[in-house]
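J.: Sequence order for the protein chains is H and E.
Just so we're aligned, residue 1 is where the first sequence starts under my numbering, counting upward by one.
Just so we're aligned, residue 253 is where the second sequence starts under my numbering, counting upward by one.
Mixed in with the good hints, there may be bad ones.
Lysine-lysine pairs mimicking DSS-like chemistry, simulated, CA-CA at most 30 Å apart [stated by the list, open to error]:
1. Lys196(H) - Lys224(H)
2. Lys268(E) - Lys138(H)
3. Lys268(E) - Lys53(H)
4. Lys113(H) - Lys429(E)
5. Lys222(H) - Lys138(H)
6. Lys429(E) - Lys87(H)
7. Lys268(E) - Lys122(H)
8. Lys268(E) - Lys152(H)
9. Lys268(E) - Lys158(H)
10. Lys48(H) - Lys158(H)
11. Lys214(H) - Lys120(H)
12. Lys162(H) - Lys87(H)
13. Lys162(H) - Lys138(H)
14. Lys160(H) - Lys268(E)
15. Lys268(E) - Lys237(H)
16. Lys193(H) - Lys222(H)
17. Lys224(H) - Lys53(H)
18. Lys268(E) - Lys120(H)
19. Lys240(H) - Lys429(E)
I should point out that these hints are in silico values taken from the structure, not numbers from a laboratory.
Computed from a predicted model, the values in this text were never measured in an experiment.
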Amino acid sequence: MTMRASRFAPVCLFSVFAFGSAHADEVQVAVAANFTAPIQAIAADFEKDTGHKLVTSFGATGQFYTQIKNGAPFEVLLSADDTTPQKLETEGDTVKGSRFTYAIGTLALWSAKEGYVDAKGKVLSDNQYQHLSIANPKAAPYGLAATQVLAKQGLTDKVKGKIVEGQNITQAYQFVSTGNAELGFVALSQIYKDGKVTSGSAWIVPANLHDPIKQDAVILNKGKDNPAAQALVDYLKGPKAAAVIKSYGYQL
Amino acid sequence: MTLSSADYSAIWLTLKLASLTTVILLIIGTPIALWLSRTQSWLRGPVGAIVALPLVLPPTVIGFYLLLALGPNGWIGHFTQSLGLGTLTFSFAGLVIGSVLYSMPFVVQPLQNAFSAIGTRPLEVAATLRANPWDTFFSVIVPLARPGFITAAILGFAHTVGEFGVVLMIGGNIPDKTRVVSVQIYDHVEAMEYAQAHWLAGAMLVFSFAVLLALYSSRKTKAAWS
């Protein structure tokens, strides 16, 4: 076994160098759950156009922060907010000057049932539902925005007993899509493609009802010397990625 | 910095959930274990395997299927709705159902082992003394299987306290209803409230160690779990 391994090792090593020299680097990215669909679309183009490879992990931003502080191998963070990248920057965990806003999120009130949510979101105050699903407002920016919308409409106390929390926006979506909650605040990107809501019914929440959901990206210290990390950031700023990002209902 | 009132209510809820789950599991787990330890039926294998499933399945699988089954379009959901109970996701009752499934092997297996260890001889003696089956159960089986019952109760309780994935998937994180300690700790960590997370996590660690210490120290003979 050992003998066989040692015989093949030089060959393997050689092939790594041979392909590695042709600028095929790998970049590990932590991606906020709401950006799952767009990054998958962008990744395909990015890999084709640059030859680099994208390795993505999806999760809640708060969870990524803890993992990054504890040595996670992420090289780029696509956060769901702007405070977490800023915090990491102040704490010296990022490459200076790399932080920028890659998307501004849009909140939607959504139901898996056709015709359940009206165009003005009146269903919310009509109060005919049992459960309203939101993302955990302490950890997820879309959850925080949802509570701001409720407060602005004077509904906070009225819906208090009906709120169910997902740990992140994916779970908030899951509660609604399985029908366990009739209604929920989700990221528009989860239910939107090419200018249309893809299933159920939704109210696209006007941006003036909550603080802007600025989603910032940053290169982390681990990605400092990785050309693929810089290439990804440049790519996200480019027109091709912008078109994809907009097609999922984000502002730029 | 100590525990907040939200932390205390999460602890209280967890203890309530674990106690209720343990009682229910002892009631339904005992006949299952008794049957498994005595039967010659071909169903012994399949039933034993189903009971043991939660040992190997990730909680996300159980949580995912429960979310679908308990929901308005699932078969349990249809049933509870027809009874006028609505759906059980996001409710304490839903968590109890999830916990009973999830902790089942931790109660059934020690009981089954204890019952098997008794063998057939004491039961035959009881029968020759004309004890009826209930009498045999309470006067012969229960006293002889006592260590098994204690192990089953402790493990069922402790395992339910340690439950996380299933609750996360069907609970909806509602204070006083579904926000148990493990979820509360996760919340604290996600919100970067590390001090509060430490208090609760530390308490869990001490509790779990104390429970296992009590369990392993009391087991001087090999009666309970062979």
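J.: Evaluate each hint against the coordinates.
T.: Going down the list of hints, with the structure as the test:
{"no.": "1", "hint": "Lys196(H) - Lys224(H)", "verdict": "violated (39 Å)"}
{"no.": "2", "hint": "Lys268(E) - Lys138(H)", "verdict": "holds (26 Å)"}
{"no.": "3", "hint": "Lys268(E) - Lys53(H)", "verdict": "violated (49 Å)"}
{"no.": "4", "hint": "Lys113(H) - Lys429(E)", "verdict": "holds (27 Å)"}
{"no.": "5", "hint": "Lys222(H) - Lys138(H)", "verdict": "holds (27 Å)"}
{"no.": "6", "hint": "Lys429(E) - Lys87(H)", "verdict": "violated (34 Å)"}
{"no.": "7", "hint": "Lys268(E) - Lys122(H)", "verdict": "violated (39 Å)"}
{"no.": "8", "hint": "Lys268(E) - Lys152(H)", "verdict": "violated (37 Å)"}
{"no.": "9", "hint": "Lys268(E) - Lys158(H)", "verdict": "holds (28 Å)"}
{"no.": "10", "hint": "Lys48(H) - Lys158(H)", "verdict": "violated (51 Å)"}
{"no.": "11", "hint": "Lys214(H) - Lys120(H)", "verdict": "holds (24 Å)"}
{"no.": "12", "hint": "Lys162(H) - Lys87(H)", "verdict": "violated (33 Å)"}
{"no.": "13", "hint": "Lys162(H) - Lys138(H)", "verdict": "holds (18 Å)"}
{"no.": "14", "hint": "Lys160(H) - Lys268(E)", "verdict": "holds (23 Å)"}
{"no.": "15", "hint": "Lys268(E) - Lys237(H)", "verdict": "violated (52 Å)"}
{"no.": "16", "hint": "Lys193(H) - Lys222(H)", "verdict": "violated (33 Å)"}
{"no.": "17", "hint": "Lys224(H) - Lys53(H)", "verdict": "holds (16 Å)"}
{"no.": "18", "hint": "Lys268(E) - Lys120(H)", "verdict": "violated (42 Å)"}
{"no.": "19", "hint": "Lys240(H) - Lys429(E)", "verdict": "violated (47 Å)"}
Consistency with the previously given hints fails for numbers 1, 3, 6, 7, 8, 10, 12, 15, 16, 18 and 19, ordered from lowest to highest.
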